[in-house]
Amino acid sequence: MEEFIYTGSMISLGVGTMEIDWERNSYFKDHSALFKPEDVKLIPYYYVGDDDKPLIIEKEGYSKKLKYVKKRLDLLEYTLNEIDVMYDEIKCDALCHELQILLSFDDFANIIKTINVNKINTPKLAVEFEENGYDFGEFARRCIISEKEIYDKLLEAVSGKKGIILEFRVFF
Numbered sequence: 005m006e007e008f009i010y011t012g013s014m015i016s017l018g019v020g021t022m023e024i025d026w027e028r029n030s031y032f033k034d035h036s037a038l039f040k041p042e043d044v045k046l047i048p049y050y051y052v053g054d055d056d057k058p059l060i061i062e063k064e065g066y067s068k069k070l071k072y073v074k075k076r077l078d079l080l081e082y083t084l085n086e087i088d089v090m091y092d093e094i095k096c097d098a099l100c101h102e103l104q105i106l107l108s109f110d111d112f113a114n115i116i117k118t119i120n121v122n123k124i125n126t127p128k129l130a131v132e133f134e135e136n137g138y139d140f141g142e143f144a145r146r147c148i149i150s151e152k153e154i155y156d157k158l159l160e161a162v163s164g165k166k167g168i169i170l171e172f173r174v175f176f
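First residue of the sequence shown: 5, per this note's numbering; consecutive thereafter.
Just so you know, the hints here were simulated from the structure itself, not pulled from any lab data.
Note that the structure is predicted; figures quoted are calculated from it, not measured.
Among the hints, erroneous ones may be present.
The list that follows gives simulated cross-link-like pairs (lysine-lysine, DSS-like), each with its CA atoms no further than 27 Å apart [unchecked claim]: (1) Lys157 - Lys95; (2) Lys68 - Lys33; (3) Lys117 - Lys40; (4) Lys117 - Lys157.
Model the full structure from these sequences, guided by the hints.
Structural data, given as structure tokens:
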């Protein structure tokens, strides 16, 4: 699996402008195993300028089309079967905290497969809605799940199922 590194900077992993993993000023997953040295190129880094407006600066970073990263994801044990197992572990952990995840893995996977990542701009949302970073789960709730396309599909998937939905969080 991936190595955790301590740093004072920020790292993220994204598909287009939809960030799927990020961390700042703490331990983070080193995703560099997904890439080769020749995958280093100029990529956009998203900041907030002194005037509180979004600031995009190009710097070196890893970038590669998702279809070329798939085999490496499989080698790092991120196959659909392994992700299903991880999802079940999260559901069990949630029950220990008296939370019930109403969404099956198949429903979750089907929702993820239908997301148009070209419509989602999580760095823009992060700049617009939060100036001091996010707590655990807050980024997913405010910047990903709040996207109407995703929210509607999640709500549809759990509607009619027995349980209480207080709010969508990172653990479904």
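Status of the hints after comparison with the structure:
no.: 1; hint: Lys157 - Lys95; in the structure: 19 Å, holds
no.: 2; hint: Lys68 - Lys33; in the structure: 18 Å, holds
no.: 3; hint: Lys117 - Lys40; in the structure: 26 Å, holds
no.: 4; hint: Lys117 - Lys157; in the structure: 11 Å, holds
Of the numbered hints given earlier, the model fails none.
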